[in-house]
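A.B. asks: Here is what each chain is made of, one letter per residue.
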Amino acid sequence: MTTETQEPQRREVARPPFYRDVRVIRVVGQILAVLAVVGIGFWLVRNLVSNMNRLGISTSFDFLFGPINTAIPFCDNCWVIPYQSRFDPRSPVWQMVLVGVKNTFLAAFFGIILASVMGLVVGISRLSENWLVARLATFYVEFFRNIPPLVIIIFFGAAVFTAGPFPIFSESWEINFPATDNNLLIINNDKWGIPGFTQIDDLLLFYIILGIGFVVGILAWRWRTRVFERTGQPHHRVLWFIGIIVGFAIVAFFALGQPFHMSWPVISENRRRIDGGFIVNWGFMSVTVALGLYTASHIGEIIRGSILAVPYGQSEAANAVLTSGELPIAMAMVLAEASFAAPPTVTDTNLVAPSPSRTICCARFNMTLSSAS
Amino acid sequence: MTDLINDLPLPIDDETRRPVTKKLTAGEWVKENLFATKTSGVFTVLFALIFIQLFVFNITDALLQGEYKLGVVTNWLVNNEYEILRVNLRLWMVGRFPKEEVWRPVGAAWALCFTFSLTGGAMFESSRRQAIEAGTEPPESTPRDMLRRAWPMLALVGLVLILTQTIIPWVNAGVALGLLVAGRWIGQHLPEFVRSWAWWFPLVGLCSAIIMMQANSFLPLLATFVGLAVALVPKLLGPERPRLFRWAAMAGAMVASFLLASMLSGPLNDLVGDPGVGWDKWGGMMVNLLVAISGIVIAFPLGILLALGRRGSRTAPASNQTTIIGVICAVIGAIAFVVIFGTGTMVKPLGLIEFPFAAVGGAVIGGALGAALSLSRQSTTPLFWGLSVTFIEFIRGVPLITLLFFGDSMLLFFFPKGFDAPSQVTRAMIVVTAFSAAYIAEIVRGGLQAVDKGQIEAAQAVGLPFGKVQRLIVLPQALRAVIPAMVGQFISLWKDTSLLGFISLTEILKVSRAANSQPDFQGRGLQDLTFMFVALIFWVVSYTMSRESQRLEKKLRGAER
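Protein chains in written order, with my numbering: chain A, 1 to 373; chain B, 1 to 561.
Keep in mind that the hints are not guaranteed to be accurate.
To give an idea of the interface, some chain B residues facing chain A are shown, with a C-beta separation under 8 Å as derived from the structure [unchecked claim]:
1. Ser40
2. Trp76
3. Asn79
4. Asn80
5. Phe384
6. Phe413
7. Phe414
8. Gly418
9. Lys495
10. Gln527
11. Ala535
A few chain B residues that don't get close to chain A, going by computed Cβ distances all over 12 Å [unchecked claim]:
12. Pro143
13. Leu177
14. Pro476
15. Gly525
16. Val534
By construction, these hints were calculated from the structure, which means they are not laboratory data. Just so it is clear, the structure is predicted and the values come from calculations on it, not from any experiment. The beta-carbon is built from N, C-alpha and C at its ideal position, and this holds for glycine as well.
Using the sequences and the accompanying hints, generate a full structural model.
C.D. replies: Right under this line is the structure:
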């Protein structure tokens, strides 16, 4: 059998006219678009430059090194600079920006923790067999999800914390540490004081030793993992890791001659301030709590969706194996759904990070406000 | 097998061979749903106690202080000073809108209510007839269904009406409700040929609303429509004319109509004599709605364009090549920045602090450019891709509040001297629209990627041009796929309008802060009431939107099968 492959006949197709040729249209269209954008951009920037020159507005970054010149309200834990608990209006602007960055990160950090825990609880509760629990969780989600976070923040800041049930400043709640005079907690309508640390010396060396401890801890972690893989002995690597870091910290603390010490919050003589300790104002608290609760409603929905994504047979199997109530089921489910929920949860907690840009409503200092003023 | 089923402890229906769900008595229901296990019972009792404490009877006060009171929340609701809501209700609704002009938004709302419900009724009737023709179950819409869908809105309107001090708002709301019902009924009983035009009714309503709000927009709108009508003429001439000719005719007609409008609007507006009320006087909930709706309506086509511009890329994951090119460009960028800024030829020499800033900045910019260059090689239209990506990633990387501050303080500088500067509301709308367009673009891009490439190729093989491929094949599927994400974006946009208060627009959150600083109410601790009221307004709109989106999703999923 002769296999005479037939050459596919190349028909001579007439090229379409240039205005219908997709290759020409692509190139011309793109060039036109770029020209338009560049032209408009050039026009806008020229206007900007001429307007700013006319009004005498400078565009350099020199303002970062000038003094702030304004008082920052409620800036209590502005401890960017060592030995300085209160912010000095004469210090340069970049320190103020740093305070904003620090507050943003702190609020995001605690907000993410609160949101994750709360979201997990709510997400599991929504699927509870208990009718009341499931209804309450649904109510929580539908309530917080449909209200702007800003409203929640201001509600907490203005209605709950400052005008709410908390005592006005002069009559604070003081909770003592048992059997001592040290205050464990001071709460009033303005601030919140908890025990903190005061540094006496430069802490650089301490941090370096802590860093070494961290590295050693990681090495120990890997060593325990290898031991576990080789022999099958329990590895206890988390305990080892934490133990080594704590050990390094204790040794460094005493070896360096106690570079910091506990500082307890005390109400000052004139009863207008809290001295010592770690002081947080309600602005910060309301931002953290409100963002945590708001984001929890989103995370709760993600977790619910991920639990539902686990085949029903698995939860039945878990039910059969762990027949001792709801908690073990929940634990097994959480393990199963973790793989589903991880990516969207991370995306959602990412939402918390830009959200503290809304903190300014409580006259709280943060990045956006420092750049706006 | 049969034995197995019969052995099950469940009652089995003899005909369908499926387990029968037994109708539970009240006692059984309580046992099964509230006290199934010990833990469950504990939780039930605990939450029931909390519920009673909050809503029914204050247990702790009774035990500790011997005072008998209603539950915490109920007590708060009953013994509250609603005077602050009553006095400031106008501020919340329309802000500082002139009192004698309030008929304008009321009339606009009536027009929108009527036309939208007209379309709703007509669409419902069409789908009912289609279902009957196809022999499937026709959709039903009972008043009870409508009530279930609209109860949050009705509750909010009722609350607002109770708080009013005169009878006029009651009349207005009654007329609006009547128009809604009438529009629905008329829409269902329209003759066939009118019903097929139902999509255009909301546009008519919108135009009449705009004209009612701003009478001097009448002529530009009219001229635009004349232009559109003229632009349709070459289309009607038939396909035998060359395409370029038809396009040119259309573009010419539209440009001519715009020119006509802008030329005539001045002198003819003097004839009309009533300029209406500009955006800069809007306030309260009207501003929230205006900015949110413009952010949705205007941003939607922009977002689709941006998504189409970005779609050219082949969505390949970042390869090693991208990383290598990115790193090389980052190094080059860092060196370039340090050399340019460090030698002192352009600006003053770098200090110790600026030096790392310049290096890192150069590296970031260089790396981004390099990665973009390498990625854009995969696109058929790299320049469109670059423009879209730059815009989208810039907007998405910056928080909305920062953009709003930028728009408020900087946007004016971009206009030439002597230009009639846009008002504050307009600037906010520009920023919100740009913001929303970037997010919509990313959502739409997800939908575009979900459409099978084979379909596009098939359409191209048939000979459809790009526009038709997108309009007829890709976008209908893509947009349907992203409805939930899109509505989620709309809801978050609506919630983000609470940020407008920071650029001193009197939106509802700002109003409640202002109300609490009025001399009559200052220091009386009424923040909780006002903020709850604001939260309720936001909640009702968002909740209704999310429920409607779920309905739509379910309906479209049904259509897909």
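A.B. asks: Decide, hint by hint, whether the structure agrees.
C.D. replies: Do the hints match the structure? See the list:
Hint status for Ser40 (chain B) relative to chain A: holds, with the closest Cβ pair at about 5 Å, below 8 Å. Below 8 Å, beta-carbon pairs count as interface contacts, and Trp76 (chain B) has none with chain A, the closest being about 11 Å; its hint is therefore violated. With 8 Å as the threshold, the beta carbon of Asn79 (chain B) stays out of range of chain A, its nearest partner Cβ sitting at about 15 Å, so the hint is violated. This hint is violated: Asn80 (chain B) has a C-beta 12 Å from the nearest C-beta of chain A, more than the 8 Å allowed.
With 8 Å as the threshold, the beta carbon of Phe384 (chain B) comes within range of chain A, its nearest partner Cβ sitting at about 6 Å, so the hint holds. Restraint check, Phe413 (chain B) versus chain A: the minimum CB separation of about 4 Å is within 8 Å; hint holds. For Phe414 (chain B), the interface hint holds, the least distance from its beta-carbon to any beta-carbon of chain A being 5 Å, beneath 8 Å. Hint on Gly418 (chain B) is violated. Least Cβ distance to chain A is approximately 11 Å, over the 8 Å limit.
A cut of 8 Å between beta carbons decides the hint on Lys495 (chain B): the least distance to chain A is about 4 Å, and the hint holds. Below 8 Å, beta-carbon pairs count as interface contacts, and Gln527 (chain B) has one with chain A at about 4 Å; its hint therefore holds. Annotation: Ala535 (chain B) was flagged as interfacial toward chain A, and the flag holds, the nearest CB pair being 5 Å apart, inside 8 Å. Non-interface call for Pro143 (chain B) relative to chain A: holds, since the shortest CB-CB distance, roughly 24 Å, exceeds 12 Å.
Interface exclusion of Leu177 (chain B) from chain A stands, the closest Cβ pair being 24 Å apart, more than 12 Å. Pro476 (chain B), annotated as away from the interface, keeps every beta carbon of chain A farther than 12 Å; the closest lies near 22 Å. Annotated as non-interface, Gly525 (chain B) brings its C-beta within 12 Å of a C-beta of chain A; the closest such distance is 4 Å. Not every beta carbon of chain A lies more than 12 Å from that of Val534 (chain B), the smallest distance being close to 6 Å; the non-interface claim is violated.
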